[in-house]
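Visitor: As a plain string of letters, each chain reads:
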Amino acid sequence: AQSVAQPEDQVNVAEGNPLTVKCTYSVSGNPYLFWYVQYPNRGLQFLLKYITGDNLVKGSYGFEAEFNKSQTSFHLKKPSALVSDSALYFCAVRQAHRLAFGKGNQVVVIP
Amino acid sequence: DGGITQSPKYLFRKEGQNVTLSCEQNLNHDAMYWYRQDPGQGLRLIYYSQIVNDFQKGDIAEGYSVSREKKESFPLTVTSAQKNPTAFYLCASSILYGEAFFGQGTRLTVV
Numbered sequence: 001a002q003s004v005a006q007p008e009d010q011v012n013v014a015e016g017n018p019l020t021v022k023c024t025y026s027v028s029g030n031p032y033l034f035w036y037v038q039y040p041n042r043g044l045q046f047l048l049k050y051i052t053g054d055n056l057v058k059g060s061y062g063f064e065a066e067f068n069k070s071q072t073s074f075h076l077k078k079p080s081a082l083v084s085d086s087a088l089y090f091c092a093v094r095q096a097h098r099l100a101f102g103k104g105n106q107v108v109v110i111p
Numbered sequence: 001d002g003g004i005t006q007s008p009k010y011l012f013r014k015e016g017q018n019v020t021l022s023c024e025q026n027l028n029h030d031a032m033y034w035y036r037q038d039p040g041q042g043l044r045l046i047y048y049s050q051i052v053n054d055f056q057k058g059d060i061a062e063g064y065s066v067s068r069e070k071k072e073s074f075p076l077t078v079t080s081a082q083k084n085p086t087a088f089y090l091c092a093s094s095i096l097y098g099e100a101f102f103g104q105g106t107r108l109t110v111v
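Residue numbers (our numbering), protein chains in the order written: chain A, 1 to 111; chain B, 1 to 111.
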């Protein structure tokens with residue numbers, strides 16, 4: 001069963017507009033959730049995580065994510081997108097000692 | 001500098017050859033992971049290790065082998081039994097239940 005779903009293959013947004021990248025999860029117990037960004041031919045960079053506490057998590061480069069337990073979602077957001085935010089974004093969830101990733105969303109910010 | 005080092009950055013394998021990808025970390029992390037990335041398929045877990053001299057198969061372990069003789073090192077061998085090894089390979093490490101930190105990847109191509 002898929003643990004993490006990122007329903008959109010690509011997200012297009014105009015520079016300066018709000019950016020949202022969607023993620024839903026399916027794990028038993030309290031989820032440990034993460035967002036990563038990947039630029040071409042590079043490793044993944046950690047953006048933010050939710051372990052416990054406030055549902056709104058702030059991370060690197062102006063990104064934030066909202067944890068919603070009832071909807072089992074952990075959407076990534078940025079109030080004003082930059083062209084340099086164009087990249088591949090991955091949502092991930094801990095399953096005991098494993099870290100499971102979604103298939104990724106390509107974000108394209110249009111100047 | 002603390003971090004994860006993968007080598008080489010590019011690797012070419014002939015049919016029937018075994019090749020070994022190196023992964024070294026100086027973050028003092030207990031857990032280490034190997035992922036394979038193919039276009040449109042996200043990251044798939046090959047092997048992971050929580051402690052020295054112990055490791056577990058991930059979702060696509062067939063045709064791969066690992067060792068964990070030192071805390072800092074988690075090399076991955078791609079054997080001749082792996083029929084489609086061309087991919088981008090990512091190594092990561094973490095504290096237990098924490099976020100993972102990634103190396104810059106090794107691109108393996110069969111020639």
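Heads up, a few of these hints could be off.
So, partial list: chain A residues that the calculated Cβ filter (under 8 Å) puts toward chain B [stated by the list, open to error]:
hint, residue
1, Y39
2, R42
3, L44
4, K49
5, Y61
6, F63
7, F67
8, K77
9, R94
10, H97
11, F101
12, G102
13, G104
14, V108
Quick list of the computed label-pair ranges, beta carbon to beta carbon [as the list claims (entries may be wrong)]:
hint, chain 1, residue 1, chain 2, residue 2, range
15, B, E15, A, S60, 39 to 49 Å
16, B, Q50, A, L56, 26 to 36 Å
17, B, P75, A, L56, 39 to 49 Å
18, B, G63, A, G53, 38 to 48 Å
Facing chain A, from chain B, some residues (calculated, C-beta under 7 Å) [said to hold, decoys possible]:
hint, residue
19, L11
20, A100
21, G105
Hints in this document: simulated from the structure, not taken from any laboratory. Backbone N, C-alpha and C fix where the C-beta goes; we use that ideal spot for every residue, glycine too.
Visitor: Against the structure, test the hints numbered earlier, and report the numbers of the ones violated in rising order.
Guide: 1, 5, 6, 7, 8, 14 and 19
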